[in-house]
Every structure is written in structure tokens, then in C-alpha cells.
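Chains as they are written, first to last, in the UniProt record's numbering: chain V, 1 to 121; chain F, 1 to 596; chain U, 1 to 579.
Hint data in this document are derived by calculation from the structure and do not stem from the laboratory.
Careful, some of the hints might be misleading.
[Said to hold, decoys possible] PhoX-like cross-link-like pairs, simulated, lysine-lysine; straight-line CA separation at most 20 Å:
#	chain 1	residue 1	chain 2	residue 2
1	F	K488	U	K125
2	F	K569	F	K547
3	F	K314	U	K42
4	F	K261	V	K3
5	V	K9	F	K144
6	F	K144	V	K3
7	F	K84	V	K30
8	V	K94	F	K314
9	V	K14	V	K30
In this text the structure is predicted, and so the values were computed from the model without any measurement.
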Amino acid sequence: MIKSLEELKQIREKYKDTLQNRETNEDKVKILVGMATCGIAAGARNTINAIVEEIRNEHIDNAVVVQTGCMGFCYAEPTVEVRMPNKEPVLYGKVDSEKAKEIVKRHVKNGEVIKEWVLRG
Amino acid sequence: MPIRMELLVCGGTGCQASNSNRVLDVLKEEIKKANLQSEVNVLMTGCFGFCEKGPIVKVMPDNVFYVEVDEDAARKIVAEHVVKGRVYQEKLYVEPDTHEKLSEQSKIPFYKKQLRIALRNCGKIDPENINEYIAADGYMALGKVLTEMTPEEVIDVVKRSGLRGRGGGGFPTGVKWEATRKSKSDIKYVICNADEGDPGAFMDRSILEGDPHSVLEGMAIAAYAIGAQFGYIYVRAEYPLAIHRLRIAINQARELGLLGKNIFGTDFSFDVEIKIGAGAFICGEETALINSIEGGRGEPTVKPPYPAQVGLWKKPTNINNVETFANIAPIILNGADWFASIGTEKSKGTKVFALAGKVNNVGLVEVPMGITLREIIYDLGGGIKGGKKFKAVQTGGPSGGCIPAEHLDTPIDYDNLTALGSMMGSGGMIVMDEDDCMVNIAKFYLEFSCDESCGRCTACRIGNKRLLEILNKITEGKGEMEDLEMLKELAETVRDSSLCGLGQTSPNPVLSTMKFFYDEYLAHVRDKECPAGVCKELLKYYIIPEKCVGCTACARVCPVNVIHGEPKKVHVIDRDGCIKCGQCYNTCRFGAITRK
Amino acid sequence: MINVTINDIKLQVPEGTTILDAAKMVNINIPTLCHLNLHDIKMVNRTASCRVCLVEVEGRRNLAPACATECFDGMIIRTNTKRAIRARRTMVELLLSDHPTDCLVCEKNGNCDLQRIAAELGIRKIRFEGEQSTYQKDSSSGALYRNPDKCIMCRRCETMCNEVQTCSVYSAIDRGFETVVGPAFNLPMLDTQCTFCGQCVSVCPTAALTEVSYVQDVWNALHDPDKYVIAQTAPAIRVALGEEFGLKPGTIVTGKMVAALRRLGFKKVFDTDFAADVTIMEEAKEFIDRLNGKGRLPILTSCCPSWVKFIEHQFPELLDIPSTCKSPHMMFGAIAKTYFAEKFNIPADKIVVVSVMPCIAKKYEIQREELKSDGVQNVDYVITTREFAKMIREAGIDFTKLPDEDFDNPLGESTGASVIFGTTGGVIEAALRTAYEWATGETLQDVEFHGVRGFEDGLKEATVKLKDMELKIGVAHGLGNARRLLEDIRDGKRFYHAIEIMACPGGCIDGGGQPYHHGNLEIVKARMNALYEEDRRKPLRKSHENPAVLKMYEEYIGEIGGHKAHKLLHTHYTPREKI
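Model the full assembly from the supplied sequences, consistent with the hints where possible.
Next up, the structure:
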């Protein structure tokens, strides 16, 4: 039972994430994960899930994680592309779960491009 | 593991009728087979409005909009898009002009000019889950109202917002609330009119199905503003899905204490009950609706007194329509000025229209007031089907009028439509093309009004019947010039003399078509011709000599033997004896018989 | 008070005044059709359905029905604009376009409000042609005749039945052009809870509701040489019949009425009042028995067949409280075919008893199985005051010029007590006159019990001292009032020793078979006064002093409330369904 406006707000915060995937916004950071056969074989699913999890953990609400097909860098799978608004896309290669979390923290959250992992950009 | 992808399946009645329930099941099965159920979520939402292209499946956050999804397509979407990240091209919307495949909903012309306030959550949240509504700022407006505002302040905001009743009359909502507030009584009621009766209009159903809490929240705010403790939702029995979702919503709201006693810990208590109507059109009229809830015959009574003074069980009662209530929470949260900044001088905000008839994109659109008819029909509606010529658009349900091409650039608002002899009504919009006979159209709507008349007053019960009989006479080619005068005079008298809104507006289709398409009436009466070739009795059948091969098929099927000609020679129809049954027309395999 | 302007005339009216009433104040007549205001019985038909009283109100988009629109301050009304007149005429034309045009042979010819308004508005042509609605006619009850073809949807019958009589038999059924007023599921009236009080007939503006007529049957009997046709007339006829012949309401025409019946060919002209005195003998006895612990109190009068049917449908659990006495005209029928037949040596099967009644329910009552003797009706035909007047006219009798004649004996002798049976409060007053003397053994000095009299109060209460005992008397007229009273008795909220109930407001003087009052209840009050006047004129004013009655008990029936009395004069009741 909700007994105050505060309690309603708590519920709203609790379920806010539920709707996060459903908002579309041009200003959001887009994170693309290559999920073609090669990507999946190289562990892209772990990568994408790690990214999503980290976004939630870091309370980032202006980023969407989208899967995409093969980006042509099969030797460097899993590949992750970060598209910040009004900036050139940055493509990272061989992104495992740990690297993925790092990318979310440093690039998505703080805008720092992690040069050593960049494949193209 | 958090959900990273969601498949939203339209659960509106339209899409359910095209098997979206099965699509939902298939998607779930396939996701499970791919072992992705912990990261990919499949859920049913309310209506997306694009009913022409249902069932709709939207993939988020990828923002890919699939149309006409069947079971097979559902499997492909999972295999291609969900598993491999490749958009399944086959089921993207194809722009008819450019043949371009569009994957993003917002890029589709149908959605481009829409502004969704009343439909804000439709197609976005799971209507059976109150937490999703709350996540979308649901019940925040109610909380704000109860903890920070006086009833007078609430009424002031609604008044300043310029919101007018979305059910037909267009009466300023805030003024209605104020009148009910001022009526002194220990008991008052709020009624939500969900007896959506206009043929072709289904915005109220869509809101109830897609976002039932928005209506409950609007009702609770209204109840606080006017001083009511109890509410009824009068919904027609033909809306089982809406009733089902409303019931779930009411129960969930009660469980969370958002309905019931001492809401948000304040003194305010409010609860609602669903009343199921038998679907009589007249029960959308507020006094008839009240009679129906009370267990009486659904027929209107004389106003004044208005329900705001003497309503349900003789207590002051505020009745608003579903769409009106759905607008309330955003107005409270975003402010009167925000809402008033949308629309025209006297009609604020948006309006949901049910676009139907001869347009390419049939469906539900929410657009700012002031948008032109042309924009709705050609931009959102994608123009006339089959590249035919636009003739008229009928707005406002059966009691609206027909608006011709020369007024297509009229900005839509309550007053402009009324000035054109039509009305906003509940937002039905039916497009007609060159193949429609306007006399026949007028007859069609009048037939509806005749059937749905409660029969109480002379003007509507007998007047409309006589109007219909005159129209029948005209479309049967038996009309005389005096009939046209009589038609106009009687239509005006019925409009002037009827007891309720139904009778007062039922002659609108006649009067507006007589005003804008008088030449068609003249053609029927004077020349005994139906220019659109619709009125059967006025059709004349001809044989095109160039196409006739003399096969004798037509002569053999003619039941009255009026087709003459020797085998292998051109045949002729003796039109004097022709009974216009159309047998020859249907039989000819050479397209040699024409009718006009 | 608020200011209004009607046709440029400025006036002040109390708040809540309708345009119609305001216009009347300045002598502006707005035609009405469905409207009916029976103020005295608190019935107003405000359905505003006929749309004949439309007027223009400045600032209003459409026309306003004057009968149902209340004035507001500063209202400017025009009653005679082109637009209003056109609408009004069109409404009447529309009604006529869906109405049979058999006025010349219509039951209500000359008494029809639709005919009147068409004449008033000078309608000479019906411009609209088209389908006419036709429905099943209903005469299943043998009492009430429904011809929905002639229904103009004024809903007066419905208002009367629902709000005044609380029987709720009628409602609008179907929709659109097919809409008509009728009973639920369009059942035959006989299968409904209709009591056939006929109040709907009293207010019906057309011939959609009338009585089932037995005029032709009565003529046939009168012309049959093998039949011995006798008449009995109810008390309320003599004070209403004159109206049919242009006499002032309340004119007592007893003598002319008797003369007219003789001229129509009735062998004997008797008075139901005789039987009313018999009723008092039996009922007063039953009352005293119950006061002495033999049976349940209160005792309810049972003279009104409509009321009897009402209690059978609505309060089947209370069927042990009405008196077991038959209604007076049924007692008369039984006496006529036994005592009278034997005394004058006329074969009972040749006797045809015709009751002239103010009532429609009596037509139904005579068919009730328990009121027949060996399957034969004790009363053969019931005709109403109106039917009786028709026969007089048809026979070419100049009623007003008739000499005054006396009833035949012995069944024509009566007391003042029986005369007042025709008004509310009369039966109980008559019973009190006798019960008082029997219970106390003293002579009653003032026979008039004013506490039980009057039209305005639907529910009356009086206390009567009976030596050391105080009798609580209740009187209800109108079935809605009866319902309230019975509910309280059932729920133990009120107690009475004796109760009189009449189904029609005012009692039989306003019965469903009386001359049409056209909404003017002053006529009914004049009839009431005339009955009390007739009572005062009578030398004998207590039923138990009626010598002819006493002689009959002595010669034929024996003990009051005895075995033969029970066989001839008493009945029983049957629970009936509510629908």
C-alpha cells in the first residue's frame, strides 16, 4: 500500500529501468554489439549482457544497447561500437565482459575513448 | 541478468483480431528456444494505432517497427533480428510513394506528425502492469494534486489548459468540473463515459485497452476536484478486452491504495465500479447514460437540470469521456501553459482521430489541434486508396457532416468543424472518394440515427424516419423537386426541435451534403442519375459495341429478356424494361457492359 | 422572483416556473400535447416528448419545450415566431403522419387531444407520407384495450402507472420508429401485474388505451326476447354521467339515469348501493369478529377489484387481511341470480346482469373463476359510464329532458352509507356507522366521519372512539399510497384496526371508466361533493337500517356472516406473480 507520494516515487524509481529500453531518443548514446554468427561464437552475448548490466549499475539512463549484424571485423570479435551524439563512432575489438564494463565506465559515462582497444575510429 | 531487448506486440482489439495473440506466443516460444528469455522480453502492449498494418511488433531499443507480422514472420524476427542482430527486411513498412523500407516508427509518415498525449503510453507499456504505468510517471499527477493542490487550484489548471470534452460536445472540462464542484451535496459522482458509439471510432477503446490507469488517474483527480467519492465507468459490453484490462487496473490500483480509502494518506477516498452498457448509441448521451446506470431505459431527459446539478441518483455528477480523462494527468504534471501552447486559439491540446474509409492508412492518430484535414488525410493517412479522387471527409460520427475538397485546408478545431456544418464529435473521420454517392452517404448515416434513436421525441422518432423516406425516394429515382425543399425544411426542423444531441445533430449529414453537394441531389432528382454510379435504381446499363462479341451470355441471364441481338453480333439492352439487376454486368466476360 | 419577457411582455415569476406556466400568467396560451399536470395527485408528465410546445429562447441554439424548461432571470421568450410555429406544426404533422386516420370511427372521436391540437393549429394537410407503425392490439384482459398504433409516445400512461400507481406495467419498448409504450416483453396485459385500474386510460390523449367495450353485447341481450336484462348502477355514476350531456360537473342525475336505463330496455333498474349496504352488513360483522380476536387485524376493505389484484401481485404474504367480502356489484350479481330470481320466479339462466360502473377493472373482475357460480358469471357485462352515455346517445334519448324516476324494488333501495362508497373514505365511513352501533349498542348521533374524507391527502388517518376503545383507521387512495401503507403494515411500522383502499385517486368518482377529466381534477372534486350531498339527502344513512336488506336476510340469507352469506357474498384471494 502506498501511503505517501514518496512511496510512489520509490516505486517509480524501482521500475524506471523497465521502460528504459522503450524510450527512443536521438540524443542517446548508442552502443552497438556485433551479433552475427562470428560475434556470437566469440562470446558477444556475454559482452552485450555485461554492457547492459553495467549501464544499470552505473545508473546511466541515456544509453541504449543495440545488437547489430556482422561489421566485417570477424578476426576481432566481439566488436562493440560506441556512438556518442555528434561524434564519430568508435569501434572496439575483442571486447570481453571485463573490457565491456570498462568501456561503459570510461567511454560511455565519462566520454574517454580507450585508445588501446580501438579498432577503428 | 537485466533485460536488454524487448519485443512489444500490439494487444489492441484490431491486432488481436489479426492474430497478435498467437504472434506473441510464437515470439515467446522462439525466444525460449534460443535460450534468450532472461535477456529478451516479449510483452503485449496497447494499440499502436496503425491498425491498417497490424499485427504490429516493435523491437526496442533497436527501434525497429515491424508490420503485418504473422507466425512465420515472428519466427524470422527472432532468428534474424533477435539472435543475429539483422533487421528482418520483409516486414518493414514500405512507403507507398518511394517504395522505401522504413524501420523506425518515427520516420513512418503515419507517425511523423503525431503528438501523443492521450495515447502517450499506448504501445509503450504493458497495460496489465501498474508498475509500468508508475514508471512512466503514472499517478504522480494524482499524488501532486492530493498533496500540493486545493480542488479549486486543480479546476483552475484544467480551465486554463483549455481542455474541452473529447466525447463530442466540446464543452470546456474545467467549467464542467467547476459547476459540479459548486453544486452542494454530500454525495457526488464522477462518471467516465466509455460508451463509444460512433461507428468507426475506437480511440476510447484503445486508451482503455492500452493505458487504463490513465483513465483511473484522471477520474480520481476529477473526483478530488469536484468533491466526489465514487465513480462509475460506463463501458459498452462490446469491449470485453477493455473491460478485462480495466478490471485488472482497478484491482491493482486498489492493492496499491491508489483507489480506496485515504489515498496517499490524505482524507481523500475514491473508488470506481464498472457498469457495462448494452451498447445503445444513445447511452453516450449523458442523461441517457445516467438513466441506464440507474437501471432505467437508456433515453435522454430534458436539460437543464444538467448532471452537474442533478445527476446520478439525483446527485451532482461529472461526466467526461475516456480521452478527456486521459489528458488530465499530463496537464497536471506539465502545467496548463504547456497544454494551452498546443493547438488553436479555442481548441487546445491534441485530438485522437479514427481515420477510416478510402485512405491508405486506416488507424488511430493523435495530432495537435489546428492540423489541417489535408495533412491528416494525405500525410498521415497516406492519401486516397487506389489513387482515386478525394470527394469528402465525414467527421464527427453519424451526426457529423461531410466536408468537401475546397475545405481541406481548414485547420481542425471544434469551432471550424461546426462552422462547416459538421462537428468534432468523438473524432471519427471517414474519407470518401469519387466512387461515393453523397446522397447515399447521407442516407447511410440517417439510417444509423433512425435505428439508434431512443424514440422518445416526435422530431427524432418520426422526423428522421420521414427524412430517410424522402432520401430513399430520391435514391430510387422517384424524387421530385419539392422533395428537396421538404428535405431541407424538415431536416432543419428536426435539428431545431429534438430533445437531445442525437436528434439535434442527426440531420447534419443531410444538411451538409445538401450544402456542398447539391448538384448530386439535383442529378438524382432532375436527371434521374447517380453521378457516382452507386444508387442501384438509377443505374443505366449499356453495351459497349466495340467490346461486345455477341456471345449471347448476357441475353441468356437477363431475367426479363430485354437484351436483344443475334449470335456473334453486337447486343443491345432495351432500357425501358431493364430491372437493373446487374446479372448481365456480372456475366459478361469481355467487359462489354458498363453502367452509370 | 425572477424577471422574464414573453412576447415583449415583462413579468416576474417565482424561480422554478416553467415557460408554459409563466406564459399562462400573461394569458399566452402555448399549445401542449404530452404535458399533463395533475397537481392534486402529485403527477406531472414532463417528458417533453411531443415537442408541440416549442418556443424560442433568446441565446439558445435550438427551440425549448415550454412545458419542461424552467425560466431563468433575464430570459427572453418568443412563443409565436415563424421558426417556433413551423416546428410546432411540423411536430403535429409528423405525429399525424404516423397515426391512423380513422378519426370518424375512433373511440375517442371528439375526446382526442391529438385531434384537438390538429384543429387548434389549423392543420389541413399532412405533408409527410410514409410508413405507419402497426403493432399487435391487446384485449386479453377483457377490460383494457391497447391499440399501440394510436400511441403518440406522450408517456402519460407510463408516468401514471409508474409514479402514481407504482405498478410499473408500462415502459417504452423497442427503439427508433418502432418505439412504443407497452408492458415488459410485450406480454399480453392479462399476464402482467396490471390491475386494470384504468388510470392510464383516463390520461391517454388518444385511443391508444381504452376499455374493452361491451356495448354491442348489451344491445344484443336487450334485443333478445329470451333474456331478462337487469341493470345495476354504481354510486359514482349518478354524479358523473351528466357531464357527458353537458351538465355541470357534480350534477346529481340519479333519477334521469334510472329513466334512461328503462328507456334502453332494461327490465329492472337496480342500484349497486343496495349491495353496498349488504357489503357493510357482512364487512362490519367480520370487522367486529376480528376485533374480538377472530382473525387478523387490520381488516382491509375489498370493494375495489383493482386493489384486490394489486395486493395479490404485490403483497401475497398479506392475503389474510383483506375482508373476504365480494365487491358490492359481485354481491349484487349473486343476489340477483338467486334471491331475486327465486322471489320473482324468473329462471336464473335467463337473467342478464349488466353493471354500469365507473371502472374498467370490474370488467376483469366478473371473469374471475372464484366469482362464478358453477362456471356461470354472476355479472354478465360491465359497461363504463362512458359506454352507458354512448348507448343513451345511440338510442336517441335526450338525457337532460328525461323525467326523474325511481329504482325498482327490492334491489333498488339504499341508504346514504352506500352512496358514499363512490369516494375515497366512503366505504370505511359506512362501515363505521354500522360497526359503531353494533359494537356499542348505542345510536350514532353524528354519522359523518370527516377525518376519513377528502381528496388531497393520499393517505389519511383517523381515530374513532368506540366506547373505551380507540379505533385506528387508515385510508389510502391511489395504488402508490396503498403500497406505502401496506409496506409499513408488513414491516410492522404502522398499525390500524381497519383500512380502506381504493385504487383510483379519489376513489370511484375518478375511476378509469368515468367521463374524461382532461387533466382537470376539479371535476373529480365536484363529483365527490355531489356524493356527500346525495348522502345528506337520504332519509336513511346507515346500511343496517336498509329495510330491503334486512328483509332479504330474513327471507333468504339468514344469519349475517352465516353459511349462506358466505356462499353468496364472500370470496378468497390468490397469490400472483410480479411481472
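Structure-based check of each hint:
{"no.": "1", "hint": "F:K488 / U:K125", "in the structure": "holds (19 Å)"}
{"no.": "2", "hint": "F:K569 / F:K547", "in the structure": "holds (11 Å)"}
{"no.": "3", "hint": "F:K314 / U:K42", "in the structure": "holds (19 Å)"}
{"no.": "4", "hint": "F:K261 / V:K3", "in the structure": "holds (11 Å)"}
{"no.": "5", "hint": "V:K9 / F:K144", "in the structure": "holds (11 Å)"}
{"no.": "6", "hint": "F:K144 / V:K3", "in the structure": "holds (13 Å)"}
{"no.": "7", "hint": "F:K84 / V:K30", "in the structure": "holds (18 Å)"}
{"no.": "8", "hint": "V:K94 / F:K314", "in the structure": "violated (74 Å)"}
{"no.": "9", "hint": "V:K14 / V:K30", "in the structure": "violated (23 Å)"}
Hint check: violations occur at hints 8, 9; the rest are consistent with the structure.
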